[in-house]
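Letter 108 of the sequence shown, counting from 1, is numbered 107 in numbering that gives the first Met the number 0, and no numbers are missing.
Don't read these hints as lab results, they were simulated from the structure.
Here the structure is a predicted model, which is why all the values come from computation and not from measurement.
Among the clues, some could well be false.
[As the list claims (entries may be wrong)] Once the Cα atoms are required to be at most 30 Å apart in a straight line, the calculated DSS-like pairs of lysine-lysine come out as:
| hint | residue 1 | residue 2 |
| --- | --- | --- |
| 1 | Lys22 | Lys97 |
| 2 | Lys70 | Lys22 |
| 3 | Lys82 | Lys103 |
| 4 | Lys82 | Lys34 |
| 5 | Lys72 | Lys60 |
| 6 | Lys35 | Lys75 |
| 7 | Lys75 | Lys22 |
| 8 | Lys70 | Lys60 |
| 9 | Lys22 | Lys34 |
| 10 | Lys82 | Lys60 |
| 11 | Lys82 | Lys35 |
| 12 | Lys82 | Lys22 |
[As the list claims (entries may be wrong)] Derived DEER-like restraints, expressed as beta-carbon distance ranges:
| hint | residue 1 | residue 2 | range |
| --- | --- | --- | --- |
| 13 | Asn44 | Leu101 | 32 to 38 Å |
| 14 | Leu16 | Ser91 | 31 to 37 Å |
| 15 | Lys70 | Asn105 | 26 to 32 Å |
| 16 | Tyr100 | Cys54 | 26 to 32 Å |
| 17 | Cys54 | Ser91 | 39 to 45 Å |
| 18 | Glu79 | Ser24 | 20 to 26 Å |
| 19 | Glu98 | Leu27 | 19 to 25 Å |
| 20 | Phe23 | Asn102 | 28 to 34 Å |
| 21 | Lys82 | Pro48 | 20 to 26 Å |
| 22 | Tyr86 | Asp56 | 20 to 26 Å |
| 23 | Ser92 | Glu29 | 18 to 24 Å |
Glycine residues also receive a C-beta, built at the ideal position from the N, C-alpha and C atoms.
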Amino acid sequence: METEKLDSEEPKKNPDLDISQLKFSLTLQETDEEKKELEKALFDNDMAPYYEIVCDDLGWKVDADILKEMKEKNTKALEEFDKEIEYAASNSSSIEVKEAYLNKANYLR
Numbered sequence: 000m001e002t003e004k005l006d007s008e009e010p011k012k013n014p015d016l017d018i019s020q021l022k023f024s025l026t027l028q029e030t031d032e033e034k035k036e037l038e039k040a041l042f043d044n045d046m047a048p049y050y051e052i053v054c055d056d057l058g059w060k061v062d063a064d065i066l067k068e069m070k071e072k073n074t075k076a077l078e079e080f081d082k083e084i085e086y087a088a089s090n091s092s093s094i095e096v097k098e099a100y101l102n103k104a105n106y107l108r
């Protein structure tokens, strides 16, 4: 039964190449639908650095409030990962330390 469950779950894409494909499509011809879809993906995933790159490449105006909010969320998340790493380093085995670093790396993907 466990294998059936695994087979039915769609694995998470890492990195999500659909986001890059949307950006590329928008360099060819900008549509409102694709723009909204790309913005939603960037905002939902708090992709502040990539948002700045996309805006620069596509000539979009950066929304300073949204960018600030995403950067704050990124900073908070990274601080949490650093706390997790520090805790694992002082209280756990090397496996937990490795997992903590992997969690941070997956977030930064």
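Now the hints, each set against the structure:
1. Lys22 - Lys97: violated, 33 Å
2. Lys70 - Lys22: holds, 21 Å
3. Lys82 - Lys103: Status holds; Cα separation ~11 Å.
4. Lys82 - Lys34: violated, 36 Å
5. Lys72 - Lys60: Measuring from Cα to Cα gives roughly 21 Å; hence the hint holds.
6. Lys35 - Lys75: Holds, at about 26 Å.
7. Lys75 - Lys22: The given pair, whose Cα atoms are some 27 Å apart, holds under the 30 Å limit.
8. Lys70 - Lys60: holds, 17 Å
9. Lys22 - Lys34: Cα-Cα ~8 Å, so holds.
10. Lys82 - Lys60: Violated, because 35 Å separates the two Cα atoms, which is more than 30 Å.
11. Lys82 - Lys35: violated, 35 Å
12. Lys82 - Lys22: Status violated; Cα separation ~34 Å.
13. Asn44 - Leu101: 32 to 38 Å: violated, 18 Å
14. Leu16 - Ser91: 31 to 37 Å: holds, 34 Å
15. Lys70 - Asn105: 26 to 32 Å: violated, 19 Å
16. Tyr100 - Cys54: 26 to 32 Å: The hinted range 26 to 32 Å holds for tyrosine 100 and cysteine 54, with Cβ atoms some 31 Å apart.
17. Cys54 - Ser91: 39 to 45 Å: holds, 41 Å
18. Glu79 - Ser24: 20 to 26 Å: violated, 34 Å
19. Glu98 - Leu27: 19 to 25 Å: Because 41 Å falls outside the window, the suggested range is violated.
20. Phe23 - Asn102: 28 to 34 Å: The hinted range 28 to 34 Å holds for phenylalanine 23 and asparagine 102, with Cβ atoms some 29 Å apart.
21. Lys82 - Pro48: 20 to 26 Å: With a Cβ separation near 22 Å, lysine 82 and proline 48 satisfy 20 to 26 Å, so the hint holds.
22. Tyr86 - Asp56: 20 to 26 Å: Taking Cβ atoms as reference, tyrosine 86 and aspartate 56 lie about 39 Å apart, which means the hint is violated.
23. Ser92 - Glu29: 18 to 24 Å: violated, 51 Å
Checked against the numbered hints given earlier, this structure breaks hints 1, 4, 10, 11, 12, 13, 15, 18, 19, 22 and 23; the rest are met.
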